[in-house]
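Q: The lines below spell out each chain.
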Amino acid sequence: MNTGFYWILKALLSHYWRHPWQTLFLTIGLVAGVGLWSAVQIINQHAEASYQQAQSLLGAQASHWIRSRRDEGIDQSTYIELRRAGFRQLIPVIELEVSNAAGVSISIIATDLLALPETVFDGEQSNQDFSKTWLDFVQPPYRAWVPAVLAAELDLEEGAQLELRDGRKLPPALIQAREQQGRRVLVDIGAAISLSGSNRFSYLSVGEITPAEYVRLVANLPGSLELIENQQHLDLQQLTASLHSHLTAMSLLSFAVGLFIVFNAVRFSLWYRRATLLDLRLMGCDLRHLMSAILLETLVWSLIGTALGFVLGVALAQVLLPGLGASLQSLYGATVDAELGLSAWTLLQAWSITLIGLLWALAWPLYRQLQRSSLEAGSTDVMLADETIARRRLAFAALLLACLAWVAYTQIETVTQGFAVLGIILFAAAWILPFLLARALSLVDSLLPQRHLLARWMISDGWSQLPALRSAMMALLLALTANLGVGSLVDSFRDAFVGWLEVRQSADIYLRTPNLDYQALETSAGNASWLADSHHRIGVSARWRDRPALIRGIDPRATDSLVLPLSRWQGESAASARQAWREQPARVLVNEQVHFLAGVEIGESIALQTDNGLREFEVVGVFYDYGNPYFQFYLPDDVVASNWSHHYSRGIALWLNPQNKSAMQQAESSLKAMGAQPGDWISQAQIRRLSVGIFDRTFAITAAMNLLTMIVAAIALLASLLAILHERMPQFAQWRALGLRQSEQLLLVAIPLLVFCAIVWLLSIPLGALLSWILIHKLNIISFGWSMPLVWEIGPALQLAVVVLLICAATLLSVSFQWRRQMPQALAQLGETV
Amino acid sequence: MLSIKNLCKSYHYAEVRQDVLHQLEFEMRSASSVALLGESGSGKSTLLHLIAGLDRPDSGEINFAGYPIHSERESILAELRRSQMSLVFQQFHLIPTLSILDNIRFQAALCQRFDNHYETELIERLGLVGQLDKYPHQLSRGQQQRVAIARSLLHKPQLVLADEPTGNLDENSSLEVMGLFSDLVKQAGSSLLMVTHSQAMAEFMDRRVWLHNGKLAETG
Chain A
1 MNTGFYWILK
11 ALLSHYWRHP
21 WQTLFLTIGL
31 VAGVGLWSAV
41 QIINQHAEAS
51 YQQAQSLLGA
61 QASHWIRSRR
71 DEGIDQSTYI
81 ELRRAGFRQL
91 IPVIELEVSN
101 AAGVSISIIA
111 TDLLALPETV
121 FDGEQSNQDF
131 SKTWLDFVQP
141 PYRAWVPAVL
151 AAELDLEEGA
161 QLELRDGRKL
171 PPALIQAREQ
181 QGRRVLVDIG
191 AAISLSGSNR
201 FSYLSVGEIT
211 PAEYVRLVAN
221 LPGSLELIEN
231 QQHLDLQQLT
241 ASLHSHLTAM
251 SLLSFAVGLF
261 IVFNAVRFSL
271 WYRRATLLDL
281 RLMGCDLRHL
291 MSAILLETLV
301 WSLIGTALGF
311 VLGVALAQVL
321 LPGLGASLQS
331 LYGATVDAEL
341 GLSAWTLLQA
351 WSITLIGLLW
361 ALAWPLYRQL
371 QRSSLEAGST
381 DVMLADETIA
391 RRRLAFAALL
401 LACLAWVAYT
411 QIETVTQGFA
421 VLGIILFAAA
431 WILPFLLARA
441 LSLVDSLLPQ
451 RHLLARWMIS
461 DGWSQLPALR
471 SAMMALLLAL
481 TANLGVGSLV
491 DSFRDAFVGW
501 LEVRQSADIY
511 LRTPNLDYQA
521 LETSAGNASW
531 LADSHHRIGV
541 SARWRDRPAL
551 IRGIDPRATD
561 SLVLPLSRWQ
571 GESAASARQA
581 WREQPARVLV
591 NEQVHFLAGV
601 EIGESIALQT
611 DNGLREFEVV
621 GVFYDYGNPY
631 FQFYLPDDVV
641 ASNWSHHYSR
651 GIALWLNPQN
661 KSAMQQAESS
671 LKAMGAQPGD
681 WISQAQIRRL
691 SVGIFDRTFA
701 ITAAMNLLTM
711 IVAAIALLAS
721 LLAILHERMP
731 QFAQWRALGL
741 RQSEQLLLVA
751 IPLLVFCAIV
761 WLLSIPLGAL
771 LSWILIHKLN
781 IISFGWSMPL
791 VWEIGPALQL
801 AVVVLLICAA
811 TLLSVSFQWR
821 RQMPQALAQL
831 GETV
Chain B
1 MLSIKNLCKS
11 YHYAEVRQDV
21 LHQLEFEMRS
31 ASSVALLGES
41 GSGKSTLLHL
51 IAGLDRPDSG
61 EINFAGYPIH
71 SERESILAEL
81 RRSQMSLVFQ
91 QFHLIPTLSI
101 LDNIRFQAAL
111 CQRFDNHYET
121 ELIERLGLVG
131 QLDKYPHQLS
141 RGQQQRVAIA
151 RSLLHKPQLV
161 LADEPTGNLD
171 ENSSLEVMGL
181 FSDLVKQAGS
191 SLLMVTHSQA
201 MAEFMDRRVW
211 LHNGKLAETG
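These protein sequences, in sequence, are chains A and B. Residues 1 to 834 in the working numbering are what the first sequence lists, from first letter to last. Residues 1 to 220 in the working numbering are what the second sequence lists, from first letter to last.
It should be emphasised that the hints constitute simulated quantities derived from the structure, not laboratory data. This one's a predicted model, so the numbers in the text were calculated from it and none came from an experiment. All C-beta atoms in this analysis are idealised placements derived from N, C-alpha and C, irrespective of residue type, glycine included. Among the hints, erroneous ones may be present.
Unchecked claim - With a Cα cut of at most 35 Å, we get these calculated DSBU-like pairs of lysine-lysine: (1) LYS672(A) - LYS169(A); (2) LYS661(A) - LYS672(A); (3) LYS5(B) - LYS134(B); (4) LYS5(B) - LYS661(A); (5) LYS5(B) - LYS10(A); (6) LYS169(A) - LYS132(A); (7) LYS10(A) - LYS215(B); (8) LYS134(B) - LYS156(B); (9) LYS134(B) - LYS215(B).
Claimed, not checked - Sample of chain B residues lacking proximity to chain A, with all beta carbon distances greater than 12 Å (derived): (10) SER40; (11) PRO68; (12) GLU74; (13) SER75; (14) ILE76; (15) SER83; (16) ARG105; (17) PHE106.
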């Protein structure tokens, strides 16, 4: 390295050694921003990779599946016959959903290891423990391979047997996992058969198959089974895309808030290095060298930020992944590997976004400064004039952005476009903020009576603090808006979801098992004193408009069908639409997903593939279907039974007699007597608990991101106040010499700060409501295909006001400690003589 | 070494043009010293900045060491300031985050013109031994100005431009620092053009010129 260049670099970088607070805040800003962004990025890419591999079961490539048309599972004898017919690539799979005594839902997957192709074990046969481990797995008492994450969650130790809610026990646990096991417990097929008490497989996975074999396999399949292409990974990508987009948007918001801290730290480092840059130029450093040094500085910071931020991101992803993985499993049946996989690509992306952010925050302002003439660069007046110009330019840019957002809002068609518009709105609000704060200061100043000199002085001092607090206030505004907007979205969703559950899941018991004849059950229990009503539902799995769909046959006169809540209907009222649907066989009720995602309107006809070809049904109502990723069609059960011969039972809902105090116990005894296992039914309370549990777990990540964003904003505020203190210490020393007390000087900092925070808080309320409104009425519909009423309450905003006050109090307290520490030196410098 | 011909410079304040330098002529030989006197606002600092290439004249010529400063490219001007000139200001302009030793060495390092023996001599003569590991804010103003002087001379420039270098010091310190400064400039074989208000400081120089109404006049 050229000696001169080394000295320029030394002069520029020495700033960070001598100002550790600024270095710390710059590092925190970078690490927080990069960390939050990369955490979500790691989770998304990890989930994406998991979906890509979803078609492989324990390494075996499943090109197709054989499933029962009636969702009844596949008989063992059918599997043996197919193997005998030469189809060696068939692998039986049993999937079970159970829960432990504490009600934690556990997914079990079972397969026959002996049926797996040898390639699955490549590299493992040489391992001495291999034979013993696999032998233990396939022979009684079997082994349950439990992923470490799940074992930790269930507090399960090696060799222990997990007890289920109904008293059954899993085989002794071996804490280890194979690829794509995710959070699922893996057991041998024999263990699963004895656990479920049924010798039917959930489905058969079909390995590599030639076209000729495919034709032969189809010919060999009994009529009750169908061979379907494995499109799971495509479906999962499609179904979960919106959730991942939401997460990405939140991570970008966090990155933006982190970037504001970086801006803040950079502004101060620039301010302090103003004189140094001027000196360097006076001493003849040319612009080329200075620019190279600045670019190198940017590069160094980007590497530090990426390295540390990525470490934080990985740690955060490890914390957030189990909850999100469990939700993805519950909502979409998507398996996300519990062990995090990292790619160099993610790291490279993190570095790129950091570098771009830094070039914007650090290199560009420094370049602007260097472009000035040497004399201008050193002038405080020029810097202050710059501040005013910057404020006006930002306000103007904000207005342009607002206009752009207005136009773009009407054109939103995809989730990405929606988030882009939200981003534009948030940036417009952040950029107009300094102008609004300045106007507010002028307004407060003009309202204060002339005689209140001290108060006027405190407000007017806000002008000195405004440049330093500008970025921190923008960060705070973004954090508050995100908290209020996303918080309101979650509250609205929770209210709508719980209310919907009340109506939709009104039965006391839901029973679903392939081992029971529901018609016989309805007949035999019909006169029982414990039963008030029952509703046996049937269904057909299908694909409609290239997405998974469910055609459900329901009893139109059942208790829950009579009050099915509709969001849109044909005719005068929802009741009349329901009546028309009951009475006319060619009418259908569709879920909101069909209306919003497929664009089907009331009165339109839709074509469904029946046994007798395509058949048209007129849409007479649209029902709420929160959280369902699939299209759903409700038809009277007789219509489904007559049009789809391979329909299958979707279980039965039982309403207990409210007059009978021991109805639940009697019902359970009766069901057991009829052959149902305890795990086959679930009570309404359990369903609600599970549903709300899944809901809360899904949105736990949102709450975590909101909290982290607030913390980042608080750090920005602290950094700004400490910088103000450092910069103005000589001034504070002068005022101290004039007789001002510490409390009065702190008030001088606190009053403008509180005025600014109050304005930011006030602005965040309508902005948060707007964010929430767009999220619910635009993005939610585009993403998930359903809508809900917006719940807006002042409570969360008031809570946030308290949080902001606490943040202000904490930062002012830190500042007062620093004030006491630095004041003696500042006072000593006041009276300095040569 | 330095030749200025027909130099004009004006500023515009609130749409009013104010001529600061008007057809100014000036010559300066190598290894000489000149005190530039004048009332406040007469344009002394402006002239110094124009000679250093920090500002551009409206018209006229400034030639230094064979280079046309008035029209030279910024990169050449930077190179000249780095290796052939140095500037000393009332406000010292030390780099606050570097140690005293690093500050002294800075400009010599930039133009890669080290002389260890001379460095030691400068540090001793300016009384900075024992201060080298400190940082600028830990020194008194007098000491800081000595550091600025050491920095300006270590690379032995042809021309030292000083703008009120003792303006921040009391009278005794000013005389002491100025005596040292002029001795060291002579020893380095450099020329010194110093802006000052003080007749006492001007007495240290070989020549004294008075700037009035945009023009220079010798005052003897």
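Q: A cut-off of 12 Å on Cβ-Cβ distance, and SER83(B) was said to be off the interface with chain A. Does that hold?
A: violated (7 Å)
Q: Take a quick look at whether LYS5(B) and LYS134(B) sit within 35 Å of each other, Cα to Cα.
A: violated (45 Å)
Q: Is it correct that the beta-carbon of PRO68(B) has no partner in chain A closer than or equal to 12 Å?
A: It holds; PRO68(B) is separated from chain A by about 17 Å at its closest Cβ, greater than 12 Å.
Q: Take the C-alpha atoms of LYS134(B) and LYS215(B), compute the straight-line distance between them, and say whether it is at most 35 Å.
A: Violated: LYS134(B) and LYS215(B) sit about 44 Å apart, past 35 Å.
Q: LYS169(A) and LYS132(A) were given as a pair; does the straight-line alpha-carbon distance stay at or below 35 Å?
A: Roughly 23 Å between the alpha carbons, so the hint for LYS169(A) and LYS132(A) holds.
Q: Taking only the CA atoms, is the gap from LYS672(A) to LYS169(A) under or equal to 35 Å?
A: holds (19 Å)
Q: Can you confirm whether the C-alpha distance between LYS10(A) and LYS215(B) stays at or below 35 Å?
A: violated (42 Å)
Q: Does LYS661(A) pair with LYS672(A) here, judged by a C-alpha cut-off of 35 Å?
A: With a Cα-Cα distance of about 19 Å, the restraint between LYS661(A) and LYS672(A) holds, given a limit of 35 Å.
Q: Any Cβ of chain A at or closer than 12 Å to SER75(B), or is the non-interface label fine?
A: Label violated. Min Cβ-Cβ 5 Å, cutoff 12 Å.
Q: For LYS5(B) and LYS10(A), compute the direct alpha-carbon distance and say whether it is at most 35 Å.
A: Distance ~40 Å between LYS5(B) and LYS10(A) Cα, so the pair is violated.
Q: Is LYS134(B) close enough to LYS156(B), meaning Cα to Cα at most 35 Å?
A: holds (24 Å)
Q: Looking at ARG105(B) again, its CB stays over 12 Å from all of chain A?
A: violated (8 Å)
Going down the numbered hints, you'll see the structure goes against 3, 4, 5, 7, 9, 12, 13, 14, 15, 16, 17, while the others check out.
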